[in-house]
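Visitor: Here is how the chains run, residue by residue.
2 protein chains.
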Amino acid sequence: MTPAAPTPAYRRLSVEERRSQLLASALNLFAHRAPEDVSLDDVAEAAGVSRPLVYRYFPGGKQQLYEAALRSAADELQHCFDEPREGSPLPRLSRALDRYLAFVDEHDTGFSALLQGGSVVETSRTTAIVDGVRRAAAEHIFRHLEVTHPGPRLRMTVRMWITAVEASSLIWLDEDKQPSAGELRDWLVEQFVAMLSVTARRDPQTDALVQALAEDV
Amino acid sequence: MTPAAPTPAYRRLSVEERRSQLLASALNLFAHRAPEDVSLDDVAEAAGVSRPLVYRYFPGGKQQLYEAALRSAADELQHCFDEPREGSPLPRLSRALDRYLAFVDEHDTGFSALLQGGSVVETSRTTAIVDGVRRAAAEHIFRHLEVTHPGPRLRMTVRMWITAVEASSLIWLDEDKQPSAGELRDWLVEQFVAMLSVTARRDPQTDALVQALAEDV
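Chains A and B supply the protein sequences, listed in that same order.
Per the working numbering, the very first residue in the first sequence carries number 242; after that it's consecutive.
Per the working numbering, the very first residue in the second sequence carries number 242; after that it's consecutive.
Everything labelled a hint here was simulated from the structure, so no lab data went into it.
Heads up, a few of these hints could be off.
As the list claims (entries may be wrong) - Partner residues are not named here, just some residues of chain B that face chain A (Cβ under 8 Å, in silico):
| id | residue |
| --- | --- |
| 1 | G358 |
| 2 | T368 |
| 3 | M397 |
| 4 | A408 |
| 5 | S409 |
| 6 | W428 |
Backbone N, C-alpha and C fix where the C-beta goes; we use that ideal spot for every residue, glycine too.
Construct all of the structure, not just a fragment, from the sequences and the given hints.
Guide: Set out below in structure tokens:
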């Protein structure tokens with residue numbers, strides 16, 4: 242492994258800059274290795290600082306660094322969902338999925354380790370961060386679909402699709418990123434419409450939505 | 242809480258019987274409470290034995306008991322998938338789902354705690370047990386569909402549906418078991434067919450399967 246170039250000693254970083262730099266180094270390591278395989282020494286080395294300096298910023302050690310890195314990855318992931326409310330909803334969903342799949346591609350090992358569970362760094366706090374991203378994704382979808390009060394059947398369908406997206410991302414990583422991200426994205430959008438259409442048979446709210454989507458395409 | 246009736250002292254259990262009895266008490270407690278809320282004393286009390294006796298059988302304490310209980314629940318869950326290979330595949334799937342939903346209903350709190358993750362008792366071993374059940378479910382489905390070599394797209398679709406079933410079970414528990422188990426079951430079977438149909442558009446193997454299912458109904 243080639244360590245990142247150390248920060249030149251003469252460049253004095255502010256507390257905030259240093260913290261960000263350590264976080265970025267940690268996130269980069271956690272993205273590409275299982276949490277068990279990242280040590281505080283690795284983070285110090287990647288950031289070009291001493292181990293005590295890492296501890297000064299993150300007294301809780303690896304667990305605290307992991308949670309901070311996860312929070313920053315969660316923020317980044319939520320930005321993937323930002324999409325102007327212009328044009329038809331399905332192409333908007335496609336664009337958001339493109340950004341999401343690029344994120345998964347970029348953070349592959351960390352993404353798998355996090356979602357597969359059973360990791361030593363997993364706690365109720367890390368679970369809450371992941372759940373927050375899921376909730377945000379559902380809220381974005383309802384906003385784009387212009388549904389202000391989703392009923393239980395529509396809510397269940399959207400949450401089920403979000404879980405299906407996660408599952409298929411994990412399988413995609415497992416299968417060496419096959420099929421292509423573009424094919425996966427199209428398939429996921431079609432699955433979204435198909436799942437809504439099944440629910441539409443027993444739920445008038447979802448039925449109205451599916452009809453609106455069909456007219457919009 | 243009403244403790245279970247203690248086993249009469251004069252009835253001497255064999256080692257195997259005693260172990261089963263402790264496991265059954267543990268499973269019953271873990272099914273209805275979060276793992277954090279079950280103590281070794283609770284297990285001893287429910288089984289009508291002393292705490293040292295529980296330790297004699299499970300020297301690893303609560304963690305070992307939890308894993309053993311989970312393994313026994315996983316076995317029970319896998320029995321839900323047992324279904325004779327007679328008649329059309331979709332009614333078979335419905336019957337297996339009925340048994341699965343009855344299992345979820347019966348083990349509600351433990352099921353949620355386990356699948357929501359972030360619990361103190363979660364380890365790579367518990368994750369492996371849950372993954373084993375998922376794999377068994379996929380294998381059962383392929384056997385019933387008479388597919389011996391599922392290609393990547395069909396595999397992804399079936400695994401995605403299994404995850405969707407889990408997610409909808411969790412939401413169902415969250416929503417006070419609404420809609421009824423029967424409606425949820427029908428909806429899940431329809432989702433299965435809809436998800437396969439989307440994949441069928443780009444995968445000949447899945448296409449042949451969907452046509453066979455349509456002829457069979």
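Visitor: Each of the hints needs a verdict: does it hold here or not?
Guide: Here's how the hints hold up against the structure:
The criterion of a C-beta within 8 Å of any C-beta in chain A is met by G358(B), whose closest approach is roughly 5 Å, and the hint holds. The restraint placing T368(B) at the interface with chain A holds, with a minimum CB-CB distance near 3 Å, inside the 8 Å limit. Because the closest C-beta pair between M397(B) and chain A is about 5 Å apart, less than 8 Å, the hint holds. Using the Cβ-Cβ criterion of 8 Å, the hint placing A408(B) at the interface with chain A is satisfied: the shortest such distance is roughly 4 Å.
The beta carbon of S409(B) comes within 5 Å of a beta carbon in chain A, closer than 8 Å, and the hint placing it at the interface holds. The beta carbon of W428(B) is positioned within 8 Å of a beta carbon in chain A (closest approach about 7 Å), and the interface hint is therefore held.
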